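In order, the protein sequences belong to chains A and B. Counting along the first sequence from 1, when you hit position 205 you're at 205 in my numbering, and nothing is skipped either side. Counting along the second sequence from 1, when you hit position 48 you're at 48 in my numbering, and nothing is skipped either side.
In case anyone wonders, no lab produced these hints; they're calculated from the structure. Being a predicted model, the structure only gives us computed values, none of them experimental. Only true hints are included.
Calculated cross-link-like contacts (lysine to aspartate or glutamate; reagent style EDC-like; alpha-carbon spacing at most 20 Å):
1) K135/A / E108/A
2) K300/A / E334/A
3) K135/A / E118/A
4) K233/A / E302/A
5) K136/B / E108/A
6) K136/B / E118/A
Rough simulated footprint, nothing fancy, chain A against chain B, three-plus residues with beta-carbon under 8 Å:
7) 121-127
8) 137-148
Positions of the beta carbon are idealized from the N, C-alpha and C atoms, including for glycine.
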Amino acid sequence: MIELENVSKTYGNGDGAVHALREVDLHIPRGSIHGVIGLSGAGKSTLIRCVNLLERPTGGRVTVNGEDITRLSGQALNRARHRIGMIFQHFNLLTTRTVFANVALPLELMGYRRASIEHRVAPLLKLVGLAGKAKQFPAQLSGGQKQRVAIARALASEPAVLLCDEATSALDPQTTGSILELLREINRDLGITILLITHEMEVVKSICHRVGLISDGRLVEDAEVGDFFTAPKTQLGREFLNDFLQLEPPRGLISRLEDSPDAGTHPVVRLTFSGDAVSTPLISRLARECGVDVSILQAKVESIQQRTLGLMIAELMGTSEQTGQAMRYLESHELKVEVLGHVRRDD
Amino acid sequence: MSGAMINLIWQATLDTLYMVGVSGLIATLLGVPLGVLLYVTRPRQILAMPVTHQALSIVTNVGRSIPFIILMVAIIPFTRMLVGTSIGINAASVPLTIAAIPFVARLVEGALNEISPGLIESAQAMGATPWQIVRKVLIPEARGGIITGLTITLVTLVSYSAMAGAVGGGGLGRRRGRRRAWRPGHPLRL
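Whenever a hint applies, use it, and build me the whole structure from the sequences.
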């Protein structure tokens with residue numbers, strides 16, 4: 001549905017050139033919700049703007065709905081844009097138009113008559129849950145309601161694709177949840193393909209099917225959301241995941257960690273487990289079968305799409321032989337074991 | 001105050017209103033589009049034309065920088081060509097209009113400047129043509145600022161018209177001049 005092939009975008013030239021995108025390939029199938037995550041300045045905004053040519057790529061090809069839009073300009077481009085809805089972080093509603101008139105705007109631009117506009121706008125407002133607010137002005141609405149108006153407006157031209165540019169970044173967590181729920185409904189009920197960019201893992205986790213990670217203009221990961229959350233391939237991906245899960249060892253412990261083991265230390269490990277391992281009583285078996293004591297320092301279980309992800313930071317107490325055996329035992333049950341360091345026994 | 005005096009002031013007020021009205025109207029009709037043009041031709045704007053923008057910008061700045069009294073005298077030949085005389089309220093309306101056009105244009109451009117770039121971007125994303133963006137986004141969203149600008153223009157025109165009156169344009173400015181130095185048929189010479 002959306003295909004980016006070898007897309008590059010460079011601002012300026014010579015030594016001062018800024019490479020916002022470098023040879024990005026992205027394939028988003030019809031009906032899916034694809035997230036792109038990255039730090040500020042990584043190129044997310046440029047990427048999404050290349051899809052409707054708000055930014056024209058300096059290289060490569062963008063195909064939307066089977067049409068190579070990088071070859072279009074003028075009227076043909078405007079017609080293609082009618083089939084690509086877009087919502088923004090700051091909503092971008094016209095302050096001088098009512099809710100109704102804001103949603104009517106794309107239809108006016110397409111030359112619809114007043115009667116058919118009214119026919120189209122009412123169901124859209126109902127869809128986004130703002131049927132009673134038609135005559136209000138944006139200034140009278142909350143942030144979440146403004147974004148709902150923006151969504152209704154983006155859907156007015158019956159697009160096949162919806163681009164979401166940090167659409168929930170200006171909203172509180174609860175409102176974010178309700179907007180994401182609305183986007184999920186739109187995707188499910190209307191079959192609209194959604195590309196969203198965000199810096200929030202929460203957004204990716206709750207609605208995306210696939211996720212891309214962008215860093216310094218390159219798409220460094222592109223994976224199913226479940227895979228990304230259980231086994232990110234890059235260092236940056238792991239950092240995003242750890243930030244999201246907030247599973248770093250407690251501060252007091254970090255200062256006591258030593259790099260190499262000796263007779264008086266215990267290993268501190270981070271365990272990542274998914275799938276069957278989550279429901280297996282591994283820790284108590286570990287104690288029984290390997291004779292180690294396990295002190296759990298931090299633990300978290302996340303449910304991502306249909307998969308469950310568990311994370312744990314634990315201290316394994318026993319002889320070096322026992323702890324070594326314990327780690328092999330865990331690895332044999334498909335847990336990922338990372339040794340964070342070694343901590344000296346208190347006694 | 002004598003009846004004749006009141007009559008003079010009344011007539012002068014009507015003349016002033018006429019000059020301000022005519023020049024204000026024409027300046028609005030020409031200045032608003034010029035202001036919009038200045039805005040949309042900026043680099044990275046919806047009709048980016050850097051050379052055109054520079055040219056318009058220079059003309060506008062020069063127009064705004066010339067002191068009104070100099071402008072009025074400098075364009076007398078043009079005024080004569082247009083209305084056949086350089087004296088009277090019709091003649092005074094010409095320099096007033098010329099002075100007001102760049103004034104309006106800059107104020108309109110300033111009002112457009114206040115619009116969030118995001119609004120223009122979202123209209124582009126909807127597939128709006130530049131003309132649709134001007135008509136449906138820029139003008140309505142800047143309406144408040146444009147009206148303020150036009151009000152300022154009218155007030156400025158009243159004070160300019162007094163200057164025009166001093167050199168034979170008629171209106172309230174002329175009456176004031178005449179009470180002090182009455183020279184029938186000879187407007188104040190500069």
